[in-house]
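Required output: the full structure, derived from the provided sequences and hints.
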Amino acid sequence: MQADGLEKIGKDEAKQASFEHSVCFLNVKYVSVDGPVWGNVYSVSDAINIEGLSHYFGNQQVLKDVSFSVAQGRQRALLGPNGAGKTTLFSILTCLLRVAEGQATVFGNDVARASGKALARIGVVFQKPTLDLDLSVSQNLAYHGAIQGMNPRRVRDRAEQELKRLQLWERRDDPVRNLNGGHRRRVEIARALLHEPDLLLLDEATAGLDLASRVSLQAYIRSLVQEQGLAVLWTTHLVEELQADEDVVLLKDGAVQAQGRLTDLVRAAGVGDAKDLLLGLSTPAGNL
Amino acid sequence: MKAAAYFYCFLGVLKRELQRFVQQRTRFVSALVRPLLWLAVFAAGFRNTLDGLALPPHDTAISYEVYIVPGLVGIIVLFNSMQSSLSMVYDREMGSMRILLASPLPRGWLLISRLFSSALVSLLQVYAFLLIARLFAVTPPAWGYVAALPAIVCSAILLGALGLLLASIIDQLENFAGVMNFVVFPLFFLSSALYPLSQMREASEWVYWLCAANPFTYAVEFVRHSLWLGFSPSAFWVTTTVAVILTTAAVIGFDPSRKMLAGRPGAH
Numbered sequence: 001m002q003a004d005g006l007e008k009i010g011k012d013e014a015k016q017a018s019f020e021h022s023v024c025f026l027n028v029k030y031v032s033v034d035g036p037v038w039g040n041v042y043s044v045s046d047a048i049n050i051e052g053l054s055h056y057f058g059n060q061q062v063l064k065d066v067s068f069s070v071a072q073g074r075q076r077a078l079l080g081p082n083g084a085g086k087t088t089l090f091s092i093l094t095c096l097l098r099v100a101e102g103q104a105t106v107f108g109n110d111v112a113r114a115s116g117k118a119l120a121r122i123g124v125v126f127q128k129p130t131l132d133l134d135l136s137v138s139q140n141l142a143y144h145g146a147i148q149g150m151n152p153r154r155v156r157d158r159a160e161q162e163l164k165r166l167q168l169w170e171r172r173d174d175p176v177r178n179l180n181g182g183h184r185r186r187v188e189i190a191r192a193l194l195h196e197p198d199l200l201l202l203d204e205a206t207a208g209l210d211l212a213s214r215v216s217l218q219a220y221i222r223s224l225v226q227e228q229g230l231a232v233l234w235t236t237h238l239v240e241e242l243q244a245d246e247d248v249v250l251l252k253d254g255a256v257q258a259q260g261r262l263t264d265l266v267r268a269a270g271v272g273d274a275k276d277l278l279l280g281l282s283t284p285a286g287n288l
Numbered sequence: 001m002k003a004a005a006y007f008y009c010f011l012g013v014l015k016r017e018l019q020r021f022v023q024q025r026t027r028f029v030s031a032l033v034r035p036l037l038w039l040a041v042f043a044a045g046f047r048n049t050l051d052g053l054a055l056p057p058h059d060t061a062i063s064y065e066v067y068i069v070p071g072l073v074g075i076i077v078l079f080n081s082m083q084s085s086l087s088m089v090y091d092r093e094m095g096s097m098r099i100l101l102a103s104p105l106p107r108g109w110l111l112i113s114r115l116f117s118s119a120l121v122s123l124l125q126v127y128a129f130l131l132i133a134r135l136f137a138v139t140p141p142a143w144g145y146v147a148a149l150p151a152i153v154c155s156a157i158l159l160g161a162l163g164l165l166l167a168s169i170i171d172q173l174e175n176f177a178g179v180m181n182f183v184v185f186p187l188f189f190l191s192s193a194l195y196p197l198s199q200m201r202e203a204s205e206w207v208y209w210l211c212a213a214n215p216f217t218y219a220v221e222f223v224r225h226s227l228w229l230g231f232s233p234s235a236f237w238v239t240t241t242v243a244v245i246l247t248t249a250a251v252i253g254f255d256p257s258r259k260m261l262a263g264r265p266g267a268h
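Same order as they appear, the protein sequences are chains A and B. Going by our numbering, 63 is the number at position 63 of the first sequence; the sequence numbering is gapless. Going by our numbering, 174 is the number at position 174 of the second sequence; the sequence numbering is gapless.
Source of the hints: derived by calculation from the structure; they are not laboratory data. Among these hints, one or two may not hold up.
Here are the simulated lysine to aspartate or glutamate pairs, EDC-like style, with alpha carbons at most 16 Å apart [said to hold, decoys possible]: (1) 275(A) to 227(A); (2) 117(A) to 196(A); (3) 128(A) to 91(B); (4) 117(A) to 170(A); (5) 15(B) to 132(A); (6) 15(B) to 134(A); (7) 64(A) to 253(A); (8) 128(A) to 204(A); (9) 275(A) to 241(A).
A quick note: this is a predicted structure, and the numbers were derived from the prediction, not measured.
What follows is the structure in structure tokens.
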């Protein structure tokens, strides 16, 4: 099925196309030949759309009516102190936790009802390292490709591409146990990108890395967003990783406090810089 | 998802378990030492226990070594299944389980693949043990080794599903180790692995009934009959039915969210 005035395009082309001109219709990607498409039938495709999401652990409410979205081809940072609900949110998006109230969709696929379709488009790096230390780099990637349902030949090709891009190709046969923290994180990034996801979730992926490794990883992720149109939702505790025009969602005690450009939020809060903004969030009365 | 995706996933999980098995050589050795000790030491001491009895599926009197080998096959499978479940608890505690569960394939399929991968490792251990057992004059017919394969796989699925069910219920690694003592040893000792049920009944009626109600008894008997080219319908039906029931219960009962984040307020 193809709509009038729309040209069906390939996945790579779609990623290159500007977000404003892309729409999603019945999971088929189209790009307007002449510009934006208007009307009720087509809706702009958000990589993530969260509306009124609440979650409970027993009687404790850990997410409170959370709503925000991440557009395709954009990067958003989810900031907040420990216990703000970031990991819970990631666990819901990766279908490890059930949705209690509200809705979360990944490219229009409800994570509660179409979890398989949602997960197929997500690459994820969890806060805790999840590599098998006894296996080699290649074996870890091969396992991930298999549980994604990928053809082994394609897994080999993709693993080679990603490992070369991340300068790990020479270490492909090394047991992960022999790699340092920075290299392990890079393997996790390679693994997360192996099945060519459209959305990357990074839960404090740079935690525990030295400055050089952090800068290198950050630059790599930003290049993926700019060059491949990947959508990224990431969390960090490190203020120095944030850029002035960073698009952020501030979370505290399970609720969204504010969202927008970091500089705008700093100005609106009347604080000196991003560090003061986050410090304000960390104090009990520090609402924005 | 296409059927091929399920197949690649299944193969991938099996391959990973094999790779881990190759890496962990001490696991292989220790898996063999336990039954070999039973065979070499325990069976030597109890050589006259059967007193010339001809027990099914055998038509003539057998040695205690011949009797006990299927029971020791059972204990290899039992320990490996529990160890596999233990590694699942470890994976869950360490977080690597998240990667498996973040697969777009149905969770049930992932768990069933995991059960079969554990069964594959059990098979390797069992056949290595059966080859060594030939040195102790336990020489089943050649086709018996082939006939025993489905029985061993069924037993491994049954016990693996039991372990999976336990892993679903148990919160922490430390608790799992404790429960092993209340599950593994009663399952093993209250079965026909070491003594025939007929002799058990002569000693104690209620112990006999406990043994007769133990699914592990039927798994051992299924292996015993198959290995000697016999067939026990009751052993077959009980083993396969309980395997299906436990697998279904384990898949339905497996809720990672209940254990991964609950009780960890700092992880929100």
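Taking the hints in turn, this is what the structure says about them:
no. : hint             : verdict
1   : 275(A) to 227(A) : 30 Å, violated
2   : 117(A) to 196(A) : 14 Å, holds
3   : 128(A) to 91(B)  : 11 Å, holds
4   : 117(A) to 170(A) : 34 Å, violated
5   : 15(B) to 132(A)  : 13 Å, holds
6   : 15(B) to 134(A)  : 14 Å, holds
7   : 64(A) to 253(A)  : 8 Å, holds
8   : 128(A) to 204(A) : 9 Å, holds
9   : 275(A) to 241(A) : 11 Å, holds
In this structure, the earlier hints numbered 1 and 4 are contradicted, and the remaining ones agree with it.
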